[in-house]
Amino acid sequence: MQSVELVLDPVTEAQLVREWRALADAGLPSQSRHTGASNRPHVTLAVSSALAAEAEERIAAAVAGLPLPIVVGGLGVFGSSPYILVRSVTANAVLLELQARVHAAVEPPAGVFRNLQPGRWNPHI
107 MQSVELVLDP VTEAQLVREW RALADAGLPS QSRHTGASNR PHVTLAVSSA LAAEAEERIA
167 AAVAGLPLPI VVGGLGVFGS SPYILVRSVT ANAVLLELQA RVHAAVEPPA GVFRNLQPGR
227 WNPHI
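Heads up: the sequence shown is residues 107 to 231, going by our numbering.
Careful, some of the hints might be misleading.
[To be verified] Each pair of labels, with its calculated beta carbon distance range:
#1 GLY171 - SER109: 13 to 21 Å
#2 ALA210 - VAL183: 25 to 33 Å
#3 ALA132 - ALA199: 34 to 42 Å
#4 GLU203 - GLU162: 19 to 27 Å
#5 ASN221 - LEU134: 17 to 25 Å
#6 SER186 - ALA159: 33 to 41 Å
#7 ALA132 - GLY182: 14 to 22 Å
#8 GLY180 - VAL113: 14 to 22 Å
I should point out that these hints are in silico values taken from the structure, not numbers from a laboratory. Please read these numbers as outputs of a predicted model, since none were measured by experiment. Even for Gly, the Cβ is constructed at its ideal location relative to N, Cα and C.
Sequences and hints are given; from them, build the entire structure.
Right under this line is the structure:
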């Protein structure tokens, strides 16, 4: 799988990493246990089984307006077993339009990650 993700400013990222560590310190599952270099707080905009080579130019055009401010909201839970604890991201017109442009640029296969389709997307970290 390949994804297009928004990463956060250093201050926001550091705060979320501290929250991950607090969960781990309390004996709860946490992303802090995944020590890979690519594991960091992010907002997923689109996912595909494989990105076509020409998709890079379309994605670059879709994200031309970055950076953009986002508002990190409260806690949420995805799934049923195992549960996934997330931080919500306040959806606004600019963010929703960005996600729709990136989704169209990626051209994910039909039916893959329906929750990332524009109109169904629930932005979260």
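Consistency of the hints with the structure:
no.	hint	verdict
1	GLY171 - SER109: 13 to 21 Å	holds (19 Å)
2	ALA210 - VAL183: 25 to 33 Å	holds (29 Å)
3	ALA132 - ALA199: 34 to 42 Å	holds (37 Å)
4	GLU203 - GLU162: 19 to 27 Å	holds (20 Å)
5	ASN221 - LEU134: 17 to 25 Å	holds (24 Å)
6	SER186 - ALA159: 33 to 41 Å	holds (38 Å)
7	ALA132 - GLY182: 14 to 22 Å	holds (18 Å)
8	GLY180 - VAL113: 14 to 22 Å	holds (21 Å)
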